[in-house]
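Colleague: Residues per chain are reported as follows:
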Amino acid sequence: MGLARYTLRRILQAIPVLLGIATITFFLTNAIPGDPIKIMLGPSPSAQQIATIRAQYGLDQPVYIRYLKYLWAVVHGDLGTSIHFTGTPVLTKILQRLPVTLLLLVSSFTFALVTAIPMGVVSAKRRNKPVDHVSRLVALIGVSTPDFWIGLMLIILFGYYLGWLPPTDLVMPWADPATLEHATTRLDVIVTSIQHLILPTITLGTLQMAAVTRIERSSMLEVLSEEYVKLARAYGVKETTILRKHAFRNAQLPVITIVGLQLTAALGGAVLTETVFSISGMGRLIITAINSQDYPLVMGTTLFFGLTFVVGVILTDLSYAYIDPRVSYGEEEP
Amino acid sequence: MAHSDASVDDGTTPESRSTTGGVNERVEARVGLSYTLSQLRRDPTAMAGLVVIVVMTVVAILTFVDAKLLHYYFATHYWVNPENDPSTVKTLMPPVGLTNIFGEGSWAHPLGTDYRGRDILVRLVYGTRIAIQVGFISTAIGLVGGTTVGSVAGYYGGWVDDALMRAVETLYAIPFLVLVIAFMAAFGRDLTYAMVGVGITTIPSFARLIRSRVVSVREEDYIEAARAAGVRDRNIILRHVIPNSFAPVLVQATLQIGVAILVVAGLSFLGFGVQPPTPSWGQMLASARGYLLPDAWYSVWPGLAILLTVVGFNLLGDGLRDALDPRINN
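Protein chains in written order, with the working numbering: chain G, 1 to 334; chain A, 1001 to 1330.
Because the hints were derived from the structure by calculation, they are not lab data.
Wrong hints could be hidden among the right ones.
Stated by the list, open to error - Derived list of chain A stretches under chain G, where covered just means 3 residues or more per stretch with a C-beta under 8 Å from a C-beta of chain G:
hint, segment
1, 1162 to 1172
2, 1177 to 1183
3, 1255 to 1268
4, 1291 to 1303
5, 1310 to 1316
Backbone N, C-alpha and C define an ideal beta-carbon position, used for all residues, glycine too.
Just chain G, with the same shape it has in the complex (with noise of 0.2 Å):
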């Protein structure tokens, strides 16, 4: 089967699971006690009042209905509008956010693939050496630790007690430098993106690059003792040849699974990164949904964290081929 019907098949797989997510969120989300139009409408509004609100809302019909109508609309790409930022649709609420935590994911993962897969692999080059020792101390810790612990120790660290980078928000890359207090060229903008982006990738990125260091470890260990690196070793072939032609490729498999299942934990994560930062991403916008009891912003935000789940997902899997061409896509997924 050829790559492009592969990645077709793929998206077609992930309907149902699109599916099955908007159904638990919206028998979820039904769930959740207390009424939304009473905290939108006050302490006491009159009858005829919430009567209106709910069949704007469409909350007077019975639950299937309600289902059937959600669906149909999210189909159609309709989330709803928000309850809490009154009037605003919920989509066009989540696509100014989306692209914060996209940013955050992006740097967090790119910061933990940068350090992680050299320290993976000199780890099991140099096994039960002192670098090995510490890289897999570094790993521990970095599975160990509460990502937002780390966030607040670097906040006070770097933030308060230092005062190198910036304790809280995040300044887009794109954002105009007109709305930013010391910033007049687009280069003034990006630099104190990065100033505010560092901290928070650390936080977010630590769990990740924790993991894969480990991953990145036993795979190259479990490599580096398969019978055609001895033969190499045997033809007196470099010992970094070995490594970099060799090895390192055939090591990556495992990395890669363990990566696309990392973006669960990093998606969560981004939730309680947004939070200690107090960056305004989909993290914070599902708690404030949930806190205020926005039915559509709820469903519509956890949608779009399965959504995004199951992108990275298809691409990890798409990048299955990309490093090992033995992968062949007729048969169950990897």
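Given chain G's structure and the hints, the job is docking chain A onto it.
Modeller: Using the frame of chain G, we list chain A on its own:
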């Protein structure tokens, strides 16, 4: 330990591989277990992890006994204040006013006091109970649920497998923290729902893991023999399939306890999960967030407590994995 030569590059993670049982699976299981334990005993880091877990669990049990059965007898007599005021006992707060806000470390309060004058060390100690409880109970829920779903799916195959695994994958596709938050918003913001919610979100990983093992165990001769002898499916699954698929699940469960502690700490930090004034590490960090400038140390201790506990479970889990998978040691 012999293992098959057919080590195809199937992209599985190390935890999903290990040797399968043979015909005399009971004998082998026993040999395997004692072998595993002896391997584990020789692993100092795994033992260190075990010590951390045992100490934390003992502390958790003692604080549980004190809180639930003795109504904070020890807390009131030895830590909070002898002239106990029942209204302040549960919050582990000194009853005499707010005289000691952000107190520095001293003999009476080794780690100082928080923004309400409460002893930080006492609250940390009592927070152990929540962490350990959450770790074990939510993992148990995920373990039982995941093992059931995974073994049924793997054993029967066909449409049962398809339906169950698609459902599980859907659950997996919603980032677990988001799912638990939505779950708790729907059912209630307290510890029980946090544990159930986290438990449910871990079902997919257990189900996938055990299914991948069951699919290969299912084809073994002894299962075939049991089926031919007329043993009922349920008994085959419970007596043969699950025990022979369990090793990697045990590793996963140990590691998962650490993850559960992290997730519930995160939930409490966000205001879901454990509600104040019950002392929990995540909730202590949430309140510390408001006082990063006046008292930086307040936010250090609960994080260190979480780190230490989770390191314990990770060290033991890694040790178990190495002991169960002889190939890593070779």
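Colleague: Take the hints in turn and mark each one as holding or not.
Modeller: Hints and how they fare:
1. Look at the segment 1162 to 1172 of chain A against chain G: 6 of its residues bring a Cβ nearer than 8 Å to a Cβ of that chain, three or more, so the hint holds.
2. Requiring three or more residues with a Cβ within less than 8 Å of a Cβ of chain G, the coverage given for the segment 1177 to 1183 of chain A holds, as 6 such residues are present.
3. Beta-carbon proximity to chain G at under 8 Å applies to 5 residues in the segment 1255 to 1268 of chain A; the threshold of 3 is reached and the given coverage holds.
4. Restraint check on the segment 1291 to 1303 of chain A versus chain G: 7 residues with Cβ-Cβ distances below 8 Å, three needed, restraint holds.
5. With 4 residues bearing a CB less than 8 Å from a CB of chain G, the segment 1310 to 1316 of chain A meets the requirement of three and the coverage assertion stands.
In terms of the numbered hints stated before, the structure departs from none.
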